[in-house]
Amino acid sequence: MKAIIKPLLVLAVLAPMPLAPAQAHHSYAMFDMNKTLELKATVTRFKWQNPHAFIEVDVPVKGQVERWAIEMTSPNNLQQSGWKRTSLKTGDKVTIYVHPLRNGSKGGSYVGIRFADGSTLGQIG
Amino acid sequence: MKRTSLLLFACGAALTTAGLAHAQSGGSLPPEGLQEGQGAGFAKGHYAELDALPDWGGVWFLNRGGNTGQPKLKGDYLTNWDAWRAEVAANNGVEKRNRSNCSPPGMPRIMQLAQYPYEFIFAPGRVTVNQEAWMQTRTIWTDGREHPPLEELDPTYMGHSIGHWEGDTLVVDTIGVLDTLPFSNGALHSDKFHVTERLHLSPDKPDTLVNEMLMEDPDALAEPFKVTVTYRRDRYGVLYEFQCSENNRNPVSLNGETEFE
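Protein chains in written order, with numbering that gives the first Met the number 0: chain A, 0 to 124; chain B, 0 to 260.
Some hints could be false.
What the hints assert, rightly or not - Computed beta-carbon distance windows for the label pairs:
(1) A:Asn102 x B:Glu86: 53 to 61 Å
(2) B:Ser244 x A:Arg101: 20 to 28 Å
(3) B:Asn97 x A:Asn33: 24 to 32 Å
Don't read these hints as lab results, they were simulated from the structure. Glycine included, every Cβ here is placed at the ideal spot set by N, Cα and C.
Just chain B, same shape as in the assembly:
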């Protein structure tokens, strides 16, 4: 008993202020830019503020036919893309894949899918983008946190997104996207890839949501690459379940060909 008390005392003494906060918040430290007690995890009492946000209710389908243009690549990224293009041309236009078709495309292409709609869920300190495709979910932190330092950030399909509202426009900043994922027609980016999105309702069409995407990469892009897509609203639409493993009729063969079963 005495030993236990001593041990507890020693542990308590070792806890700095941050350590106490650590214990209070349940295991994780506040992210960069936030103090203990701040952030999306402390939503209670802030829900009424959401009513000031714009009306993005319903689900949103991509409008087809947007013109994306081609990114201006440079250096090895250009060389590699030329090689990719030549290979696709030599293979009847078929792009070889090194991963399953049940694997999602990641940012930014996950926001550019024609077949599967999106919904935007507002909560204090965050906007959640639910995506029918692959049943993906994307968190945009709007609680004032910052990106972790790039070297501490685990690269992911979605990357790390922080956002803020400029009037009725949600401005989203994303880094930390896996550099193995093409961002446009076979074009790859570096680990310095940076996406800025400006999401807002169309000024003259309230059932159209606009996403102005700006991509920058000091290693891969000779100039910023801009893609604007629009989505149309369906107020009573819902996202359908997407369990690719239950209906995977397009497996990828050993040599990268998408098959058809």
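Chain A on its own, in the form it takes in the complex:
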């Protein structure tokens, strides 16, 4: 977990709840929903498609670059909260908040984002 830049206390859980009836495409047990990481990142890919939208980003860590994959909820749910297919493009500098994978791999569940222009969506901090 070298990529942990600034562990934060979780403020809220925006991601789908793991309990019924809020069933999702799969269980969220793979994520540590009690931990939120802040990633200062550059977008390499934004996939706007069911069952989950994904953001792939590069995160600079001690002179190296780590590639993180961040799973989001469905595009339709994201659209309801202000997202669009064009909200991100490759090269965008963003700060992303995620619940990390428990197994230490470089992935997580989306919590919130601060865009390059300072605007935000989801839960920040």
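Guided by the hints, dock chain B onto chain A, whose structure is given.
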């Protein structure tokens, strides 16, 4: 030529009334409870009647945070659920799967999904529930047909659903759901599983749809299990395409772990 005529005559003679009906309707016999010429396949002339049905237009998103409680299982079903729960606890809360995450949950959980909305399409003799999730579609027959006998019913993810209107409430009766699909947090049911849904707009909130689900199973449940969920309306919302195979980043490993790519 003569032989052909004889053959046709013989075939014609062998056709009973049902056989003629069979030929007229194009291959399938009327289902249980319907006569030839009745049913959803004969919708023409009945569309005006739909205007008497309640206003369920738009798409519907599940409201999160509904409290489902736990079903009271019995017998082997309770024993198996205890074992399942112990295994999940021993595995950091991760439920092992024996099928792809691109495989839908089936009834009743398909009606309880938070991430993907629903729409209800009225047509004469049927209500179609389109579901963004897995691009599933569910048919509720409201043309008066009955369930086939259970032993003749092929078990499916959705089961066999028949419905009728009681005022502005759609009452749906479902049987024939695959007994390999958990209906609540790892709990399995028998082939006698029976779901009754009462779907209606909230009396005080016209943009809230209520689904009161009652589950019964003489083998698996010690008492009926009731789950009520609500959905909120988006008038101009649409269902998005869902092609899991095109974006399957959560494959299931050989030992049942959901992976992340």
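These are the hints, each one checked on the structure:
1. Take Asn102 of chain A and Glu86 of chain B: their Cβ atoms lie about 18 Å apart, and the range 53 to 61 Å is violated.
2. Separation of Ser244 of chain B from Arg101 of chain A is about 26 Å and conforms to the stated range, judged on CB atoms against 20 to 28 Å.
3. Judged by the Cβ atoms, the range 24 to 32 Å given for Asn97 of chain B and Asn33 of chain A holds: they are separated by roughly 28 Å.
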